[in-house]
Each structure stands twice: as structure tokens, then as C-alpha cells.
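S.K.: Next come the chains, spelled out residue by residue.
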Amino acid sequence: MRCRCLRVLQMLNFLRKFASLKIALLGMALLAIGAMLSYGNPLGTPVWVLVAPMALLAVNLVAAITTNPRINQQPGLLVFHVALLLLLLLATVGRLTHLDAHLELVVGTGFEADKLLEINAGPLHPGSFDSVHFVQGPYTVEYSPGMQRGLTHSHVKVKTAAGAWEGRIVGDDRPLVMDGYRFYTTFNKGFTSVLTWLPAGGAPVTGSVNMPSYPLFEYKQDNRWTPHGSNTEIKFWLQLKTAMNAEAHWVLDAASSSGVLIVTSGDKRYEVRLGEFVDLPQGRLRFEALTMWMGYRLFYDPTIQWLFFVAIMGILGLTHYFWKKINLQPWMDEKPDTIAEQAGKPLDGIGSPSSGKPSGNNAPVTTAYLTGEKH
Amino acid sequence: MVAEVPWLWSGLGAYFAATLIAIWGVAPRFAGMPVIQNRRHEYAVLAFLMLGVTLLAVAIAERWLRIGHGPWISLFELLMSQLWSLGLIFVLLYWRLPGLRPSAVIVLPVMWILGSWVLTLEPAASHFPPTYYNAWKWVHVGLGKIFLALLLAGVGLAGVLILRQTRRGQAWFRNMPSNVIVDRLAWRFMMLALVFDSLMLIAGAVWAQDAWGRYWAWDPLETSAFLTWLLLAIGLHLRLSYRVPPVVSGLMIIGVFMLAFATYFGAPYISPAAHKGVV
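As you go down the protein sequences, you meet chains Z and P in turn. So in the working numbering, spot 19 of the first sequence is number 19, and the numbers just go up one at a time. So in the working numbering, spot 182 of the second sequence is number 182, and the numbers just go up one at a time.
There may be inaccurate statements among the hints.
[Said to hold, decoys possible] Under the rule of at most 25 Å between Cα atoms (straight-line distance), these lysine to aspartate or glutamate pairs were calculated in the DMTMM-like manner: (1) Lys137(P) with Asp100(Z); (2) Lys220(Z) with Glu166(Z); (3) Lys115(Z) with Asp267(Z); (4) Lys137(P) with Glu142(Z); (5) Lys268(Z) with Asp222(Z); (6) Lys159(Z) with Asp222(Z).
[Stated by the list, open to error] Label-pair ranges, simulated between beta-carbon atoms: (7) Pro123(Z) with His237(P): 32 to 38 Å; (8) Thr66(Z) with Ala135(P): 37 to 43 Å; (9) Leu121(P) with Ile33(Z): 44 to 50 Å; (10) Ala255(Z) with Ala124(P): 42 to 48 Å; (11) Leu216(Z) with Ala61(P): 32 to 38 Å.
FYI, nobody ran anything at the bench for these hints, they're computed from the structure. Note that the Cβ used here is the ideal one computed from N, Cα and C, for glycine as well.
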């Protein structure tokens, strides 16, 4: 029993070494330096410039919460510091399990995990999209004069738990949220040519060729494709007719847009309209439809609600501590309120507590004057 | 001339009148005048400040009606809006805490930095990005305004602590409480500023999650705001735990304010990214 008590005491003494305010200040200063180095996310800045000071602060927080009575005997301050520690832990869990990615979905097609691009996932991300089922529907994007992008209304069909399909409208700050995965529409969207390829002697294949983002790259709506088993590249250029008007309000949507596909294979050039065929040396190509694609940003972090909850709890704790501190000592009380003042050291300057003088002249100052009571 | 500009000029004129009267009120040369001795001039300062706030509110409303959205986007709008909110909160503090009234001679000239800046800018209409329809924008911006106003009130008192090291400063601020109380009052504003700064960061993170699909990305404005929070937290730890001389205490507060000032009026305009709303 005595041995166990000794061990606890030894542990507390050990923790006390890490609980010092100096370590906290050092950790905060290092974190500030790390944040400055991370300013604007420059390439090549290692993540440890933030992680190392956060780890130091986490150790300091654990030690201070456990051993420092100024923290653990004041409920508000305790809640605030525990919340800070939890925020660090949650942020760590979030980085380990997060997923950031992009995807381009053609109208009429459904979400599939293998369509994800630029994937940035934490090592512990579950990687399961089993319950994420939705199909991209048509969308509209409003524009103001000067080509200023306005609201996006993207129609999607979502498969519910009961297996039914349910329509939703998402866009801008209204993401599609499914199983913790949040899909955000982006400025990256454009037109798609749906084509059927009939290779000589092969089975027909229908697919789509996404053109660059529109209207950002309105001047270069082109792409290229090499049919399977062929060495000759086919070039596509989409001549579009849309409602685009740089000087007026207009709406981007597929319904009010049309286009002619210019197909170039070798030195031959063809103009293909909707429903038309073109015979190329490698096979036959049919322009089936003109539709659109939407670029989504995908975000997953299971901790975000917890982060919010813990942060609010922390602020409530801090507010409670400050409120108590302010209420305990009136605004005009000359008694010392800090550790240094309590130690009896006089403050420099005019009217220090030790001198007992008023504020630098012969005009006495009253509590009523400061607090707004009648004077 | 666009509709809001005459109101803006009038509002700034009222602030200017308040500044002159406040300076007159602390000048030792006029200390013997009955109106100064009875502190009647403070009512005039308060009245002109209230007039300025009202006129600036009209300027903001006129612009809102003209361009169809609130003062959220351009530097012109931001400065006009901050002049209004800083004035409004300072009016409340000036009214409720008479002890800090002489510090208006520091606070109002700081506001004049914004006032003279806004006059150099074109009041051109700005584009309202789709991500700004989010309701969290109101919470984030509102909390930010309170935070900056509390810092500004702290700066006024910090200035008093520093200037009192001189004879002239002692004479100017003869009617204010002792340094102990001024220092404590200043740091109480800093405590409240930390609460509102933290809440502003939380609301901003929620808005960023909705608007840009990430709650934190170390973009220039976020990084700068975090550094301000950190500096404020460091300052509070130092102030609550160590003996900090008034001058150092004042300089720490001014340092936090300068960083916050750069965050508000610098960082959003050097970054072409999300916070400017152009994505």
C-alpha cells in the first residue's frame, strides 16, 4: 500500500516537471512559429512544425490538469484546459481518419469510389463507401454581370436506407451528406459529350468525354481520346452555344445549351451534330448527347461535430472562470489580483498599491466614477 | 457621388468632432474650465459618437440598398462596417464605464486610421459570392466585431499605461484611476476579447466547413487569426502569472491589437483565396 502511494507521489512529481507555465509558454511560442511557417500552406513545410509543439502542449496540459491546483480546483479553468486537450486529441483522430478528394460526376451517372481523384486520406480512414449511393441529376449555376458566379443548384438522387431514391438539391454551402461523407459542389464543372464507339469488328461502347471547366475555359473546350487497341488519337473540340453573357445575368444549364462536336482524326476533320455518326479509320463514332459534369469536393472527418461540441464546452468553461474572477473582485478594487501582485511586489508607475497614491494627480478616483454610478 | 458617401463623410465628421472635444477635455491647459472640471464635455463626446454611429449606420443602409448586399466583401465595406461597430461598442463602454473616458483620446485617433483609409478607397459595388449566403457568416462577423472593439478599448487603456510614464501623460490622464486599476480593466477587456475571439474562430470554422468544405486549412487569414488568438493567450498567461510592469503590459496589448488589425485589414486582401470569396 505504502509502496503504491510512493509510486503515485513519484509519478505526480514527475508530471509536475511538465506542468510548468514556462513549458506552456514555450509550447505556445513554438506553435506560433509553426503557424507562421505554415502561413498559406507553402510546399515543403513539414507537418512536424505544428505537430511537435502541439504534442508538447498536450503533455503540458495533461501534467497541468493533473497536478496544478490553480487549474484542477477551478471548474471553469479545468473545463477549458480539458477541452483544449480534447481538441488536440480530436484533431489528431481527425487527421488519422480524414479523407479529402475530388470527383467529376456526369449527369445521369452515380457515385463510385473509383471515380475519386486527388485522394488525401489518413492512414486509419475506413475506406468504405458501401452506404454512399447517389446519382447526379441536372444542375444550374447563376452568373451575374462580369461573369461573377452565383448560386449553384445541383439536383441529386440519393438512395435511402429503405432502398428508395429521394431527390435533393445541393450546392455551394449546402453539401450532400451521406454516412459522414460531405460532397460539396465546386466552381469546377462543364460540358460532356456522350459518345458511342463502334470499333471495327468489336462491341459498341458508350462513354463520355468531359470538356474543361466552363465558363472558366470557355475558349478551349477540347479533349482527346485514343480508342482501345488503336494508336491514333482522336481529338474533340466542342463548339458550344450557351446563354453565357459577360454583361448580364445568365444561367448555365444543359437544357439551354447546344453544341457541335468537331472530331479530328489524323489529318481529317469532321463536324458532328447530335445523333450523327462519323466514320473513322478505327471505327464508327456516334454523338449521343450533350450533357454536363459537376466537380465535387469530398470531405470526411468523423470528429467535426465533436470538435464543435468540445470547443463550445471549453468556451463556456473559460467564460465561467472569467465571470467568477470578475465578479469576485470589483472593477475598482485596489487589492492585488495576480500572483505577482499577491506576492506583495509593487507595480511600477503611478498609483501602485504599495504607494497608495491615486492616479498621478490630486484628483481622487472613486468607484462610482469607473462603474458609471451617479457622480 | 454614390448614395452612401455623404453619410460616410458626415459620420466621420461627427467622430472627428468627438475626437477634438475629447482631446480638449484632457488638455491640462483647459483643466480649470468649469465644463471640463464637471466633465460636461464628456456628454458632448458621447453625443457626437452616437451621432457618428447613427450616420454610419445610414451610410451602410444606403449602400446595402444600392448594391443589394451588406458590407461583407470589399475593403471599403469592411472599413465602413468596422468604423460603425467599433464606434457603437465604444459608445456603450464610454457610457457605462466613465473611468475609461479620457482614453478616448487614444481610441478615437486609432479609429481615425480606418476613417482616413476608407476615404482613399473607391466605393465600387462588390460581388456577393454564393458562400456568403450562409447564416454562420453573421455569427462569425458579429463576434469578430465585438472582439476587435474589446481589443480597441484595451488599447486605449494600454496607451494610458504607457503615456503615464511621461509627465504629459500623467497630466492628460489625471482623472483616470490608478495604473493598477487601468491595467486590470485593460486585461479584463483582453479576457473578454479571448472569449469572443475563440467564439469567432469556432463560428468561422463552421462557416468554412459549409462554404469551402474544410473547417481549417491554414489559409493566410486563418493562420493570422490563430496567431492573434495565441498571442492573446500568451499575454493573458503572462499577465495572470507574472509581475508585468505597466509599460510591458500596455505593449503586450498593443501587440495583440496590431496583429488583429493586420488580420482584419491585411490578410484577406493579400490572399486571393477563399476568404476573399472569389472561389
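S.K.: Is Lys220(Z) close enough to Glu166(Z), meaning Cα to Cα at most 25 Å?
M.R.: violated (36 Å)
S.K.: Measuring from beta carbon to beta carbon, are Ala255(Z) and Ala124(P) in 42 to 48 Å?
M.R.: This hint is violated: roughly 34 Å between Cβ atoms.
S.K.: Quick one: are Thr66(Z) and Ala135(P) within 37 to 43 Å, going by C-beta?
M.R.: The hint (37 to 43 Å, Cβ to Cβ) holds, given that Thr66(Z) and Ala135(P) are roughly 40 Å apart.
S.K.: Hey, Lys268(Z) versus Asp222(Z), does the alpha-carbon distance stay inside 25 Å?
M.R.: Holds. Lys268(Z) to Asp222(Z) sits at ~16 Å (cutoff 25 Å).
S.K.: Evaluate the given range 32 to 38 Å for the C-beta pair formed by Leu216(Z) and Ala61(P).
M.R.: holds (36 Å)
S.K.: Please test the hint of 44 to 50 Å on the beta carbon pair from Leu121(P) and Ile33(Z).
M.R.: violated (34 Å)
S.K.: Assess, step by step, whether the Cα of Lys159(Z) is no farther than 25 Å from the Cα of Asp222(Z), and give holds or violated.
M.R.: violated (34 Å)
S.K.: Are Pro123(Z) and His237(P) spaced within 32 to 38 Å by their CB atoms?
M.R.: holds (35 Å)
S.K.: Under the criterion that the straight-line Cα-Cα distance not exceed 25 Å, is the pair Lys137(P), Glu142(Z) satisfied?
M.R.: holds (21 Å)
S.K.: Regarding the pair Lys115(Z) and Asp267(Z), is the alpha-carbon distance no greater than 25 Å?
M.R.: Violated - the C-alpha atoms of Asp267(Z) and Lys115(Z) are around 33 Å apart, more than 25 Å.
S.K.: Hinted pair, alpha-carbon criterion (25 Å max): Lys137(P), Asp100(Z). Please report holds or violated.
M.R.: Judged against 25 Å, a Cα distance of about 24 Å means the pair holds.
Comparing the model with each earlier hint shows violations of hints 2, 3, 6, 9, 10; every other hint is respected.
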